[in-house]
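In order, the protein sequence lines correspond to chains A and B. Just so you know, we're using my numbering here: the first sequence kicks off at 1 and counts up by one. Just so you know, we're using my numbering here: the second sequence kicks off at 1 and counts up by one.
Rather than coming from a laboratory, the hints here were simulated on the basis of the structure. Treat the hints with care, since some could be wrong.
What the hints assert, rightly or not - With a straight-line cut-off of 30 Å between C-alpha atoms, the simulated DSS-like cross-links for lysine-lysine are:
{"hint": "1", "chain 1": "A", "residue 1": "K167", "chain 2": "B", "residue 2": "K193"}
{"hint": "2", "chain 1": "B", "residue 1": "K29", "chain 2": "A", "residue 2": "K219"}
{"hint": "3", "chain 1": "B", "residue 1": "K116", "chain 2": "B", "residue 2": "K165"}
{"hint": "4", "chain 1": "B", "residue 1": "K32", "chain 2": "A", "residue 2": "K187"}
{"hint": "5", "chain 1": "B", "residue 1": "K165", "chain 2": "A", "residue 2": "K70"}
{"hint": "6", "chain 1": "A", "residue 1": "K187", "chain 2": "B", "residue 2": "K193"}
{"hint": "7", "chain 1": "A", "residue 1": "K140", "chain 2": "A", "residue 2": "K219"}
{"hint": "8", "chain 1": "B", "residue 1": "K32", "chain 2": "B", "residue 2": "K191"}
{"hint": "9", "chain 1": "B", "residue 1": "K127", "chain 2": "B", "residue 2": "K199"}
{"hint": "10", "chain 1": "B", "residue 1": "K123", "chain 2": "A", "residue 2": "K187"}
{"hint": "11", "chain 1": "A", "residue 1": "K140", "chain 2": "B", "residue 2": "K32"}
{"hint": "12", "chain 1": "A", "residue 1": "K130", "chain 2": "B", "residue 2": "K123"}
{"hint": "13", "chain 1": "A", "residue 1": "K130", "chain 2": "B", "residue 2": "K32"}
Unchecked claim - Short, incomplete list of chain A residues facing chain B, as computed with Cβ under 7 Å:
{"hint": "14", "residue": "T52"}
{"hint": "15", "residue": "S58"}
{"hint": "16", "residue": "L151"}
{"hint": "17", "residue": "M162"}
All C-beta atoms, glycine included, are put in the ideal place defined by N, C-alpha and C.
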Amino acid sequence: MHLPEIDKFAHLKSPLHSWDPRVKIISISILIFSVVLVRNLQVALVGFCLTTVLIFLSRIPFSFVFFHLKWVLLFTLALSAILSFTISGNLLFRLLFLSISREGVNLGILISLRAITATLLIFLMMGTAKFSLSLKALQKMRIPDKLVQLLMFTYRYIFLFMDEERKMIVAANSRGGLKRRDFSTLKTIGGIAGMLLVRSFERTERIREAMFSRGYNGKLNIIDEFTLNSGDFIKASITIAVALMLNFPWVMK
Amino acid sequence: MHISDGVLSGYVCAGGYAITFATVMTTIKRIKVDNMPKVAVMTSAFFVASLIHVPLGPTSVHLILNGLVGVILGPAAFVSIFVGLILQAFLFQHGGITTLGVNTIMMGMPALLAYKLFDLRDKFNFKANEFIFGVLAGIGGVFLGTIILALVLITTGSEFVGVAKYALLAHLPVMIIEGIVTGFIVSFLMKVKPEILRKDRR
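Work out the full structure: start from the sequences and follow the hints.
Here is the structure:
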């Protein structure tokens, strides 16, 4: 089974890895919003190329990045396909009974470029530091304590339960439980999901007691200190400048 | 049920974020410190359970389970879904940073509806009470979510009306499967661990 591993390459050294996580998260978020609002195909392409250059700079292997893009590609492909024949306009060509319009195809490509660029930027934001460090940065940014804690705990237990779920699926499969495709399969799946919930529910009691006995009082104490230097601000200004340029009136024409 | 980045207009994204933040801020206060580990652990359990694929004809669909989140976590369901979607966007690269607000409303509001719907079960006394209300919660969760999805797409622009229609159509079988599976899960929990469904545990 493939585990989520966005921070697999967090140990590398690059200008993006050395960037302070707080400044990095804010700057790249601004860039993501800017890319998503681009209305012009050429500008979207420029944004995509710039992002690819940044990924090259961050030294995260391209094979890793493109493998993880599959969900976004699947979504945008389906959306583009529907758009290309539901929007009426100049006829590009005919496919059996469907008429493919130029406007539809253009909009589909624009949306796909925006979505792919935004997702690539997430690699730069989250893939260049350990996920736990990024979460600590969020807390330093005054995101409510409870929210950061929920993110941390949830993140921690996902891996455990994925393992558990995989075992249950293997067990059900080896007994032929998922062979048929009828009502009884749904009951089996309901049982697997239910059992997963029961096991995790029983675990919460023990986790709760373990946490409270170690002095958990609802607060998150972080000992990591973050320091800012001029390099952080230079990188931030370049990123925000690019973000503004992409949506500047003269490029919107 | 998920809108990726780059589809919606800036106004819709901003509106989605505003409503989500307001709802998260008001409901997160109601989670007691005592219940924090429970909400977090159940959130990851739901996250993993929603990765289970259900065979459907020649393909398979995965569960959404937002109705069930509402049934089990009650008012904390909205925050739980928000956390789940953040992790999904960042860990699995499903995309959806700018649409996070809209996506949370699309799944979280129906979860709150499912919670209210499921609580009505005390007023009835069917033979398979839990199963029936589980089915209703599951169907309600996907149904309201799909309606919100279609509305969001239509308000983004007239060119998305076609997409909205296909989205509605594609979610019909998902809705039925989700309802039946949620029903089975709820009746399973009722047999094995009824205290999960008890109201005072929320």
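Results of checking the hints against the structure:
1. A:K167 x B:K193: With Cα atoms ~21 Å apart, A:K167 and B:K193 stay inside 30 Å; holds.
2. B:K29 x A:K219: 14 Å, holds
3. B:K116 x B:K165: Cα-Cα ~28 Å, so holds.
4. B:K32 x A:K187: 34 Å, violated
5. B:K165 x A:K70: 25 Å, holds
6. A:K187 x B:K193: Holds, at roughly 17 Å.
7. A:K140 x A:K219: Holds, because 13 Å separates the two Cα atoms, which is no more than 30 Å.
8. B:K32 x B:K191: 28 Å, holds
9. B:K127 x B:K199: 21 Å, holds
10. B:K123 x A:K187: 26 Å, holds
11. A:K140 x B:K32: 22 Å, holds
12. A:K130 x B:K123: Violated, at about 50 Å.
13. A:K130 x B:K32: 29 Å, holds
14. T52: With a minimum Cβ separation of about 16 Å from chain B (threshold 7 Å), the hint on A:T52 is violated.
15. S58: 15 Å, violated
16. L151: A:L151 check passes; min Cβ-Cβ to chain B is 6 Å, inside 7 Å.
17. M162: Because about 5 Å separates A:M162 from the closest Cβ in chain B, which is inside the 7 Å limit, the hint holds.
Figure legend: structure checked against the earlier numbered hints; hints not met, in rising order: 4, 12, 14 and 15.
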